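Q: Model the full structure from these sequences, guided by the hints.
When you line the sequence shown up against my numbering, it's residues 3 to 158, in that order.
These are calculated hints, taken from the structure and not from any lab test. Fair warning: there could be bad hints in the mix.
[As the list claims (entries may be wrong)] DMTMM-like cross-link-like pairs, simulated, lysine to aspartate or glutamate; straight-line CA separation at most 20 Å:
1. LYS57 <-> ASP41
2. LYS57 <-> ASP43
3. LYS57 <-> ASP24
Here the structure is a predicted model, which means the values were calculated and not measured.
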Amino acid sequence: MILRKLGRTGGERFFMTFRNSDTTAISAGWWMAYDTVTDRDGVGVDKPAARLLNKIAGVAMEPLAAGAYGVFQVWGICTIAKAKGSTQTTTLALTAGVPLAIATSGFYPTRFAVTTAASNAAYAKQGAIGYAMGAATAANYSAATSSVYTVFVTCL
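A: And the structure:
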């Protein structure tokens with residue numbers, strides 16, 4: 003684990019090295035989950051889905067080919083994290099303090115929605131993995147992979 007103190011004006015950021023266990027290359031800013039289904043070694047990470055939703059490891063800090071090792075941010079303010087400004091069906095802006103979670107599958111979180119029994123059940127399996135740090139314009143639901151936000155990552 004790499005602990006990085008930026009000075010009195012910036013908070014600590016924690017980083018760890020993981021291996022991309024996914025079969026495809028990943029982009030910087032994508033969120034990955036510990037691969038506890040296939041690799042089960044604490045080093046492999048995969049696309050968050052199904053049983054991996056409550057095992058989010060962190061945010062990739064660089065593009066990684068399948069099988070490659072790279073640095074992931076697991077704690078602190080991250081300016082390259084990708085997220086969706088929506089609650090799965092409604093496009094909304096992310097605002098400061100909004101908790102983030104991955105509801106079903108994907109490399110990026112959405113607003114932590116707790117408005118219906120179904121969304122409560124989906125998100126309750128995981129809990130918040132980060133928080134939006136400032137106001138942002140509404141993101142297009144279908145273009146979420148290109149929406150970069152400043153977030154506070156809480157994957158420790």
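Q: Do the alpha carbons of LYS57 and ASP24 lie within 20 Å of each other, as the hint requires?
A: Holds, because 15 Å separates the two Cα atoms, which is no more than 20 Å.
Q: Below or equal to 20 Å on CA atoms is what counts here, so check LYS57 against ASP43.
A: 13 Å, holds
Q: Is LYS57 within 20 Å of ASP41, Cα to Cα?
A: Given that 20 Å is the threshold and the Cα spacing comes to 14 Å, the pair holds.
Checked against the numbered hints given earlier, the structure satisfies every one of them.
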